[in-house]
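Visitor: Build the full structure now, drawing on both the sequences and the hints.
Using the numbering used here, the first residue of the sequence shown is number 57, and each one after it goes up by one.
To be clear, the hints were calculated from the coordinates, so they are not data collected in a lab. Watch out, some of these pointers could steer you wrong.
Unchecked claim - The calculated lysine to aspartate or glutamate pairs, modelled on EDC-like cross-linking and capped at a C-alpha distance of 20 Å, are:
#	residue 1	residue 2
1	461	419
2	461	488
3	421	554
4	461	554
5	421	488
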Amino acid sequence: MSALDPLALARGVIAVGFAGATAETAPLDALRAFGPGGVTVFGRNVGTTGELRELVAALRALGTPAPLIAIDQEGGRVARIADGVTPVPAAMALGATNDPALAATLGTLLGRDLARLGFSLDLAPVADLALQPRSTVIATRAYGDDPERVAAFVNGFAQGLERGGVAAALKHFPGHGSTAEDSHVALPRVTADAATLRARDLVPFARAIAARAASIVMTSHVVLDAFDPDRPATRSRAVLTDLLRGELGFDGVIATDDLEMDAIAHSVGAVRGAVDALAAGADLLLISHHLDLADEAAHAIVAAVNDGTLPLARLQHAHARVMALRRRFAAPEPFAGALDQDAPLDAARRAVTVLRGEPRLRDGKPVTVISFEGTAVDRAAASGARAAAAESPSLSTALRRRGVKSEVMRVPLDPPADDVELLLEHIPALGDREFVVVTGDAHLHAAQQDAVARILALAPAALIVSGRAPFDALLWPQARRVVCIYGTQPLSLDGCADVLVGRAEPRGTLPVHLADAAVR
Numbered sequence: 057m058s059a060l061d062p063l064a065l066a067r068g069v070i071a072v073g074f075a076g077a078t079a080e081t082a083p084l085d086a087l088r089a090f091g092p093g094g095v096t097v098f099g100r101n102v103g104t105t106g107e108l109r110e111l112v113a114a115l116r117a118l119g120t121p122a123p124l125i126a127i128d129q130e131g132g133r134v135a136r137i138a139d140g141v142t143p144v145p146a147a148m149a150l151g152a153t154n155d156p157a158l159a160a161t162l163g164t165l166l167g168r169d170l171a172r173l174g175f176s177l178d179l180a181p182v183a184d185l186a187l188q189p190r191s192t193v194i195a196t197r198a199y200g201d202d203p204e205r206v207a208a209f210v211n212g213f214a215q216g217l218e219r220g221g222v223a224a225a226l227k228h229f230p231g232h233g234s235t236a237e238d239s240h241v242a243l244p245r246v247t248a249d250a251a252t253l254r255a256r257d258l259v260p261f262a263r264a265i266a267a268r269a270a271s272i273v274m275t276s277h278v279v280l281d282a283f284d285p286d287r288p289a290t291r292s293r294a295v296l297t298d299l300l301r302g303e304l305g306f307d308g309v310i311a312t313d314d315l316e317m318d319a320i321a322h323s324v325g326a327v328r329g330a331v332d333a334l335a336a337g338a339d340l341l342l343i344s345h346h347l348d349l350a351d352e353a354a355h356a357i358v359a360a361v362n363d364g365t366l367p368l369a370r371l372q373h374a375h376a377r378v379m380a381l382r383r384r385f386a387a388p389e390p391f392a393g394a395l396d397q398d399a400p401l402d403a404a405r406r407a408v409t410v411l412r413g414e415p416r417l418r419d420g421k422p423v424t425v426i427s428f429e430g431t432a433v434d435r436a437a438a439s440g441a442r443a444a445a446a447e448s449p450s451l452s453t454a455l456r457r458r459g460v461k462s463e464v465m466r467v468p469l470d471p472p473a474d475d476v477e478l479l480l481e482h483i484p485a486l487g488d489r490e491f492v493v494v495t496g497d498a499h500l501h502a503a504q505q506d507a508v509a510r511i512l513a514l515a516p517a518a519l520i521v522s523g524r525a526p527f528d529a530l531l532w533p534q535a536r537r538v539v540c541i542y543g544t545q546p547l548s549l550d551g552c553a554d555v556l557v558g559r560a561e562p563r564g565t566l567p568v569h570l571a572d573a574a575v576r
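Guide: And the structure:
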């Protein structure tokens, strides 16, 4: 098959996904026959570190040069690999450190580790702004809500990834932070005018593009009325060609977000979406879950070329850009210099932001952690039984490792009334101890808000730890002690625990604006 054959070109601008977590279970023959421009690895594909390294090597061998091997490893709650790479706090936690150089160090560490595993592309960093408190899709994945401050962190982390040995991808252009809707399940719309978007949402992208910080820009499935009221950015020539290429001068690879997300799949469908995105100016089309759908999209691209609705030159230009990036990352070249291996924990500690009161625990007092996170109340802990040593990570686990006598009660994010009553009945019987309440986006869960208020009525000195987005801090003006940690992954819990036991000073500053009444 000629390199100029339209079907080969079409397949070469598609990044596919697959099932299987080992080189033995992955559909390597089917992938090789397809000849993708890239392959995206998801959590479903990640086994042990050794299995992952072998799998990525097998994926790299699918073509010459190797296809782009991509992964979503942002840090915080979006991390497909749990072990074997440097852990990174959520972007908002890094924003709270107010230290873009620290973000650059973490990006380099992570990029090095991904390159050592054979990856060529990290689909990070998020360059969106955290402008919508009710967003469940962006939230702590953003560095904050100030455009210039976010831009500094986006630049630092992206440059760090590329220095470490993998391509970085700025996402989700031209911004997903102004809407509460999730493009995984809906088609969001942003109604802000063009001047507002240029002065706000576009700034982190524009700064990073000017600095040549990242090799890729990933599109959003969001309609922006100011630029194209009829099509989401992924399918809009006005956004991808006129704005991104023309106005901002980006000359790297434009990649779509996954075309199987509902915003595309439930409107025009992934196949039509692929053709439209390519025509609009995208170069790499992500179809991440079904290889047969990717093949259907490739044939649809060829049909569009044959009927004249898609110029062959547009397909050739996209393929050339993807091939240039494949050649650049044909062999892994992980960063070989010295790096600060303590940077992850340092970042987690420095992210801890005190809004009210004294965060340190009283010496010698037992601690009960009430954690809003699970799907059912932990009745064993609520009845006084000691939590199992093999429990999933919690702040209580981190405190016990630091010599604090502690137990955890896990409560659903939106707890049923019976679970709340069981919890409240248990609190008075616990006697003189510290109570730490770890909230989880309580501003989105009315039952959690009420439960925390009732806990504070029984234990007014309880420490509130906002475990996710910090908008929880607005909810309980009666709380005497409030801190924000921006994530409940083990690294952030360790940083919080170090502050609570006095091993580290809390130095974080809010990366988003809250009402003044919440900070006192």
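Visitor: Each of the hints needs a verdict: does it hold here or not?
Guide: Consistency of the hints with the structure:
no.: 1; hint: 461 to 419; in the structure: 11 Å, holds
no.: 2; hint: 461 to 488; in the structure: 13 Å, holds
no.: 3; hint: 421 to 554; in the structure: 16 Å, holds
no.: 4; hint: 461 to 554; in the structure: 15 Å, holds
no.: 5; hint: 421 to 488; in the structure: 8 Å, holds
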